[in-house]
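Asker: Below, each chain spelled out in residue letters.
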Amino acid sequence: MAISREAYQALEDIVGPENISEEPAILDSYAFQWLAEFRQHGSKFMPRAGAVVLPGSTEEVQAVVKICIRYKLKCKAHSTGWGLYGAPITENAIQLDMRRMDRILKIDEHNMFAVIEPYVIGATLQAEAMKVGLNTHMIGAGASCSPLAAATSFQGAGPDSIFMGSGPENLLAAEWVMPTGEILRTGSLGSGLGWFSGDGLGPSLRGIFKGILGACGGLGVFTKVAVKLYPWPGPTVMPIEGTVPAYTAQLPENIRAHTLAWSTWEGYADAVYKIYNNDIGYIAHRQFIMFGDELQAAVLKILTDTTRTLNDLEELLKKPEIQKLSEEMRRSFQIVLVGMTPRDIEYQEKVLNQILAETGGWKIAAMEEPTMAGWSLLYMIKLCFKNLNYVYAGGFHDAMARAGTPDLVTSGWMEEMREQKRKFGKQGGIVNDGGDAGMGGVGTAGGGGYNAFENFILYDPGDAASVEAARACNVDAGHIAVEAGAGGYNFFFMEKEQVQALLAGRARPAIFQWQQKIKEAFDPNGVGDGSYLCLDE
Amino acid sequence: MALEDYLSDAKRCCRCSYCKWIPLAQVKSWRFAKGCPSIAYKNFHSYSAGGRLAVVLSLSEGRSSYTDGLLDVVYQCQMDGSCDVACKICRYHMEPLEAMRELRFKLVEEGQLLPQHIPVIDNLRKEDNMVMKPKAERGKWSEDLDIKDLTTESAEVVFHGGCQLGFDEELGKVARTAVTLLKNAGVDIGIIRGKEENCCGGKAYDMGYRGEFIKYAENNIEAWTRAGVKTVVTSCSDGYFTFKRLYPDIGSKFEVLHTVEFIDRLIKEGRIKFNKTIPMTVTYHDPCHLGRLGEQYIPWQGEEKKIRGQIVVYEPSKPRNNGAGGIYEPPREVLRSIPGLELVEMERIREYAWCCGAGGGVREAYPDFSYWTARERIEEAKSTGAEALVSACPWCERNFIDAVNGNGDKMKVYDVIELVQQAI
Ligand SMILES: Cc1cc2nc3c(=O)[nH]c(=O)nc-3n(C[C@H](O)[C@H](O)[C@H](O)COP(=O)(O)OP(=O)(O)OC[C@H]3O[C@@H](n4cnc5c(N)ncnc54)[C@H](O)[C@@H]3O)c2cc1C
Ligand code: SF4
Ligand code: SF4
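Keeping their order, the protein sequence lines are chains R and F. Using the numbering used here, the first residue of the first sequence is number 161, and each one after it goes up by one. Using the numbering used here, the first residue of the second sequence is number 641, and each one after it goes up by one.
Quick caveat, the hints were computed from the structure, so don't treat them as lab data. We treat Cβ as the ideally placed atom computed from N, Cα and C, and that holds for glycine. Accuracy of the hints is not assured; some may be wrong.
Claimed, not checked - Sample of chain F residues facing chain R (criterion: CB under 10 Å; computed from the structure):
1. K651
2. S688
3. R692
4. L693
5. S704
6. C730
7. Q941
8. E943
9. G963
10. S1023
As the list claims (entries may be wrong) - If you anchor each label on the Cβ, the simulated ranges turn out as follows:
11. F/G980 with R/K510: 25 to 31 Å
12. F/G1048 with R/S203: 48 to 54 Å
13. F/P759 with R/L265: 44 to 50 Å
14. R/R668 with F/D1008: 54 to 60 Å
15. R/S423 with F/E982: 55 to 61 Å
16. R/S203 with F/E810: 51 to 57 Å
17. F/E985 with R/E528: 53 to 59 Å
18. F/P759 with R/P412: 56 to 62 Å
19. F/G751 with R/P207: 28 to 34 Å
20. R/P480 with F/E985: 39 to 45 Å
21. F/G751 with R/E219: 41 to 47 Å
22. R/D696 with F/E985: 56 to 62 Å
23. R/G588 with F/E982: 35 to 41 Å
24. F/G980 with R/K291: 55 to 61 Å
To be verified - Below, simulated DMTMM-like cross-link-like pairs (lysine to aspartate or glutamate); rule was C-alpha separation at most 25 Å, straight line:
25. F/K958 with R/E575
26. F/K773 with F/E810
27. F/K674 with R/E401
28. F/K946 with R/E475
29. R/K478 with F/E955
30. F/K958 with R/E697
31. F/K908 with F/E796
32. R/K266 with R/E251
33. R/K479 with R/E509
34. F/K674 with R/E475
35. F/K958 with R/E475
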C-alpha cells in the first residue's frame, strides 16, 4: 500500500523529487536491517516505509513533520541507521534519512564543544577535533555512528566513557523538531545565547531526551546539537601504518595501550574501583573478549597479519602460546593511558603499576609487543574496526546483558553468563567461542562508577537454523535477565502486547509510564513511531 | 558464479555503512572522508554497496521487480571497489563488488538493459571500441611509428593501446611515448596495429555484458598467441585489470605489466636515464583498476564450510582481494626518481583512493555524475598545493581533463609517462 498521491506530492514539494523515493527497491534497502530477522520472523526486512525522504535543513524537517501530521502518517528519522530501531515498526511510515544534514557547523576550540548535524559521524568529528588538540566521545558501536544520535536518541556509552562520559552526558544545547512540528531550542540556545549549555538559561530537556534508552526515533527529529569535546594531546592527524587490513598506529610515548589481566574476578573488580578513584585512563574497555574467550588470541593474530584469514583459526588455536594468551585474557580489559604532559603519563603509569601490584594483576606481555600495541591503540582510539563484531559469519546479538557496580563481576554472574551461552555454542547453531564474549565498559559513565556487559551471540544471518539458535539463546538469556530485573534490547523484537508485559515486569516500570506521559504531552497527534518505550497505565 | 551465490552475502551484510567511507582508520578530515561516489552523489542508502546487497535480496525474494528506478540504482556506480576494500577490512567473507557485478550480469542476461548503454554496446559490437567511434579511426598514434606489427610479425611483448588511447588524439601521445621508451630501452615489443587492435572487453564486463567480454578476451588471447607474445604491457589501467584479473579465467597465461611497472624496472636497471629537471609539485591519483583492483589473479575454486559451529571459512582457503596487493609504489617510484619533481599525497590514496568517475559505464550513461566525481578529486588534488594531477590511466586522465576544462581550473593533468618523457 502506497501513501496517498496528495501526501507524496506535498512531501516532494518540500524536498524536491531527487530527495524522496517510493521505489520499492529503495524502500527495501531502508527496511533491510541488522537484527530485523528476530522481529520479522526470519526476514531481513523491517516493515516497508511509504516513502523515504532526505531533508536538507531544519525547515524541511519541520515541514515534513507537519505534512505527516496532516496526512496522519507516522514519521521516523535515523542518522546513519545502523540497527532495526532506525526503521519504522509499522508499514507505510515516512522514513527520514538525515544524511544530507552532515555538517560540522562549529568547533569551539576554546570552550571545547562542537555543533553538529545528524549525519556527522564519529570518525569525521574526531578527525576535525584532533586538528585542534581535542577529541570526541564515541559510542561502542564506533566511528561510523552519529554522535548526535548517541547524545539524543539511543544509549550512548562507549569505551572512552570513563574519561569522556556517555553521549547524553555530553549533550549541550540542541535543536529539536518536536512531533508537533514546532522547533524547540534547548539550553542556552533557547535563550539566544549560543550552544554552550544544555541546561540553564533556557529550557532543559536532556532527561526527557535520554529517558531510559533514548527516544529511539519515536519523538520528533533532532537536527543540530552541541556536544562536549575533550583534550587530545596526541598528533593532529593519527599516523597510520601497515598494510590493509592490518593497519596500526605508532603513537608518541604519552599515549599507551595495555591489556590488563587478573587471575581472579576480585582482583579485576578491585582494580576497576582503584582506577576510578585515582582518576587515570582515557579509554578502558573489556573489548577484545568480543571474539569469545577461547578464540580472542587467535583472532587478534589473524587481524594483525595481512597474510592470514579465518581459515588459519583452527591451526592457530592448537598453538600453546595462543592458548596461553587466550587463557591470560579471560579476566582482562584494555586500557589506553593518555598523558597530557610527560609527567602525567609517568604518573598514570606509576599509579597503574601500583594498582596492579595491589590487586594481583599484570600487563599481558604479548599485547605490549609493538604490532599488537599499535593495533590496540588504533582500535581503541579510533574505534574504526567495530564491525568486527560480525567477523565470523555476519551476525551478532545479545545473550545476557547487565549493568552494575564493578562488583558485578564477582557475583558469579560472569560464570553464569558464560555457561548460559557455552551450552548453545556447543550445539553448533551459534559460534562456539568459549561462552564469554561479554564485552563491556570499565566505566560506562563519566568518571566511572558503573560498568555494563553484553554477552554476544555470534551467528550466521544467512542460515535460518543459526538464526533460530541465536533466538533460542537470546530468549533463554532473556528469562535469566528478567528475573534479575534487567533485559537487553529485546523490546525491539516483540509485538506491542509482549513489550507491555515485559515493561510491566521490569524492576522500575514507572519510568516507562512516565515515558508514556511524555509521549502524550509531546506527541499529541501520534506522529512518532512506536519504538519509544512506553507502558500503558 | 551466479547472483544466487551472493544471497548469503546479502543476508550477512550488517548495514554498518563502512562501505560508504574510506577505511575509518584512514579518515583525516571531514571533507575527504567519503569513499563511495555513488552514495555521496545520490544519497539514498540503496546507492551504496550495502544498499545494493539489500536490493539483491529484495529482488530475489520477489519484493521488488525491474523498474527504471532499479536500473538507476544498479548503474549509478563506478564499480571502482572502494566499498569492497572498506567492507573487507573487518568482514572476511563478504564480496560486495562481486555481488554488484553479478547483479549487472543478471540484468543484462534478462534483457534489462540501461538505455544509455545500448548505443555504446551496439557500437562495440560493430566497431570494436567503447568510445563510439568508427573502427577505422583507431590507433592514429601509431601511424608512422617504426614498430613491429604483430598482425604479421612476432615479439616478446605486445603493447595494448586500448580504446581510450586508441581514439583520443590528445592522449594518443601517451601510448606513442610508452612504446618508444620501451623499444629504445631494447625491449622486443610490437603492437596490433590500427583498426586490427580490439577492445579488451573490460568495460563491457563492468557494464554487465559478460558475453562481449568473453568474445574480446578470446580474440585477443588468440592474436597474442599467434604473435608469440609472452608479456602484455598497457598504459590503460582498465585494460591492465582486464588482462591481469579477468583473462586468466578465459585461459590467458601471459605476464601482464602496466607501463609504470615496466618503466620503474627500466629506471632501476639504469636503462632509462633522466637528463632534465622538472621543477613541479605533483600529486598522484591511483587509478582504481591499477591500485586496489590491480592485484594478482589467484585461481580459486572451492566451497564455503563452517568451523566452530558457525564461523565461515573456505575449502580450500580463499584468496582475499582486499586491495593489499595493488600497484601503488611503481608509479610513485617513477615520479620520485624524476629530478626536481616533488610528489605530495592527497588524503585518499592507494587502496582507498577516490575514483576518477569514469568507470563502470558511468561516464557513458551519467555524465553529470561522472563529472562531479572527477571534480571532487580535483578539489582534493588542489588541497595539496600540487600544480599537477598525475595518473596512469587514460580514462582517468580524460575525465580529469574534461572536468578541469569545464571548470576553468589551472590544475594540469598528466600521465606518468608524459613526465618521464619530459625528463629524458
Ligand atoms: C557493533 C555495535 C556495537 C554497539 N555498541 C554500542 C555501545 O557500546 N554503546 C551504545 O550506545 N550503542 C551501541 N550500539 C548501538 C548503536 O548505538 C546503534 O546501533 C545506533 O543505531 C548506531 O547508529 P547511529 O548512531 O547512526 O544511530 P541511528 O541508527 O541513526 O539511530 C539510532 C536511533 O536513534 C534514532 N535517531 C537517530 N538520529 C535521529 C535524529 N536525528 N532524530 C531523531 N531520532 C534519531 C533512530 O530512529 C534510532 O532509533 C552498538 C551497535 C552496534 C552495531
Ligand atoms: S556491504 Fe559491507 S561495509 Fe557495506 S553495509 Fe554491508 S557489511 Fe557493512
Ligand atoms: S563500486 Fe564505487 S560507486 Fe559503486 S558502490 Fe562501490 S564505492 Fe560506490
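Asker: The structure should be examined with respect to each hint, and the outcome stated for every one.
Answerer: Checked hints:
no.: 1; hint: K651; in the structure: 4 Å, holds
no.: 2; hint: S688; in the structure: 8 Å, holds
no.: 3; hint: R692; in the structure: 8 Å, holds
no.: 4; hint: L693; in the structure: 8 Å, holds
no.: 5; hint: S704; in the structure: 4 Å, holds
no.: 6; hint: C730; in the structure: 4 Å, holds
no.: 7; hint: Q941; in the structure: 15 Å, violated
no.: 8; hint: E943; in the structure: 13 Å, violated
no.: 9; hint: G963; in the structure: 6 Å, holds
no.: 10; hint: S1023; in the structure: 14 Å, violated
no.: 11; hint: F/G980 with R/K510: 25 to 31 Å; in the structure: 52 Å, violated
no.: 12; hint: F/G1048 with R/S203: 48 to 54 Å; in the structure: 52 Å, holds
no.: 13; hint: F/P759 with R/L265: 44 to 50 Å; in the structure: 46 Å, holds
no.: 14; hint: R/R668 with F/D1008: 54 to 60 Å; in the structure: 56 Å, holds
no.: 15; hint: R/S423 with F/E982: 55 to 61 Å; in the structure: 56 Å, holds
no.: 16; hint: R/S203 with F/E810: 51 to 57 Å; in the structure: 53 Å, holds
no.: 17; hint: F/E985 with R/E528: 53 to 59 Å; in the structure: 31 Å, violated
no.: 18; hint: F/P759 with R/P412: 56 to 62 Å; in the structure: 58 Å, holds
no.: 19; hint: F/G751 with R/P207: 28 to 34 Å; in the structure: 32 Å, holds
no.: 20; hint: R/P480 with F/E985: 39 to 45 Å; in the structure: 43 Å, holds
no.: 21; hint: F/G751 with R/E219: 41 to 47 Å; in the structure: 45 Å, holds
no.: 22; hint: R/D696 with F/E985: 56 to 62 Å; in the structure: 60 Å, holds
no.: 23; hint: R/G588 with F/E982: 35 to 41 Å; in the structure: 59 Å, violated
no.: 24; hint: F/G980 with R/K291: 55 to 61 Å; in the structure: 31 Å, violated
no.: 25; hint: F/K958 with R/E575; in the structure: 37 Å, violated
no.: 26; hint: F/K773 with F/E810; in the structure: 15 Å, holds
no.: 27; hint: F/K674 with R/E401; in the structure: 20 Å, holds
no.: 28; hint: F/K946 with R/E475; in the structure: 15 Å, holds
no.: 29; hint: R/K478 with F/E955; in the structure: 19 Å, holds
no.: 30; hint: F/K958 with R/E697; in the structure: 57 Å, violated
no.: 31; hint: F/K908 with F/E796; in the structure: 21 Å, holds
no.: 32; hint: R/K266 with R/E251; in the structure: 38 Å, violated
no.: 33; hint: R/K479 with R/E509; in the structure: 32 Å, violated
no.: 34; hint: F/K674 with R/E475; in the structure: 38 Å, violated
no.: 35; hint: F/K958 with R/E475; in the structure: 16 Å, holds
Consistency with the previously given hints fails for numbers 7, 8, 10, 11, 17, 23, 24, 25, 30, 32, 33 and 34, ordered from lowest to highest.
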